[in-house]
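Engineer: One letter stands for each residue in the lines below.
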Amino acid sequence: MTQNCCETSSNIMILACSGGSSVGQLSNQAAVELAQEGFGKMFCLAGIGGQLSGFVQSAKDVPVMVVIDGCSVGCGRAILKQANVQLTHYLVLTDEGIEKNKNFNLEQADIDRVKEAVKRTVNGNPPVDSWPTETGCACGSGR
Amino acid sequence: MEIKVLGPGCSKCKQTETIVREAVAESGVAANVEKVTDVMKIAGYGVFGTPAVIIDGEVKCVGKIPKKEEVLSWIKK
Numbered sequence: 078m079t080q081n082c083c084e085t086s087s088n089i090m091i092l093a094c095s096g097g098s099s100v101g102q103l104s105n106q107a108a109v110e111l112a113q114e115g116f117g118k119m120f121c122l123a124g125i126g127g128q129l130s131g132f133v134q135s136a137k138d139v140p141v142m143v144v145i146d147g148c149s150v151g152c153g154r155a156i157l158k159q160a161n162v163q164l165t166h167y168l169v170l171t172d173e174g175i176e177k178n179k180n181f182n183l184e185q186a187d188i189d190r191v192k193e194a195v196k197r198t199v200n201g202n203p204p205v206d207s208w209p210t211e212t213g214c215a216c217g218s219g220r
Numbered sequence: 025m026e027i028k029v030l031g032p033g034c035s036k037c038k039q040t041e042t043i044v045r046e047a048v049a050e051s052g053v054a055a056n057v058e059k060v061t062d063v064m065k066i067a068g069y070g071v072f073g074t075p076a077v078i079i080d081g082e083v084k085c086v087g088k089i090p091k092k093e094e095v096l097s098w099i100k101k
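Chains L and Z, in that order, give the protein sequences.
According to my numbering, the first sequence holds residues 78 to 220 in order.
According to my numbering, the second sequence holds residues 25 to 101 in order.
Any given hint might turn out to be false.
Per label pair, the in silico range of CB-to-CB distance [claimed, not checked]:
(1) A49/Z <-> A186/L: 58 to 68 Å
(2) E193/L <-> A54/Z: 47 to 57 Å
(3) N178/L <-> K91/Z: 41 to 51 Å
Since the hints were derived computationally from the structure, they do not count as laboratory data.
Glycine included, every Cβ here is placed at the ideal spot set by N, Cα and C.
Whenever a hint applies, use it, and build me the whole structure from the sequences.
Structural biologist: Spelled out as structure tokens, the structure:
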């Protein structure tokens, strides 16, 4: 889970609700693929929900995060609120027109759609101003 | 007081350790400062990045160099 601070990939924190429905699992699979493609790094929403200080403080200190909730119940957002973590970027898959059901046979087309929506959400909305300016790798390599 | 500075050894991790040690010396608080460089051990603390500072088991900052004033406020509580 811990990144090497001198790695070259993005410091965007990706938190997926990973819930027990099609859209929950879509959020998870999209997060996995985005991390594999270097868009950001997956992090444990469960650790934040468990109020473990390493996870909560990491979420508070990261400059850019995106929370992917499958549906409007908004479990991911609620977990961050409980932990007093400020949300920077947020996406609800059912708001993107994706149906919530119990079909766990995910379609690659839907996964790709979610990935594009995540990228659009992050790239189209700069993070709020209150985040620290000295962030991310912090290894002194200039990245 | 037990203070751990997590970081594999890059310049900002070293800077963080220096700041923490300076703050401890300045405060006069009895504290043991340990630098943790083993990536697997760092992973066990659940942090997203480094440097990170842990005081008595509580993670205080992640992925950035803390200011000395911040460290002082953490250790004086």
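Engineer: Take the hints in turn and mark each one as holding or not.
Structural biologist: Verification of the supplied hints:
1. A49/Z <-> A186/L: 58 to 68 Å: holds, 60 Å
2. E193/L <-> A54/Z: 47 to 57 Å: holds, 55 Å
3. N178/L <-> K91/Z: 41 to 51 Å: Hint holds: Cβ distance 50 Å, inside 41 to 51 Å.
Checked against the numbered hints above, the structure violates none of them.
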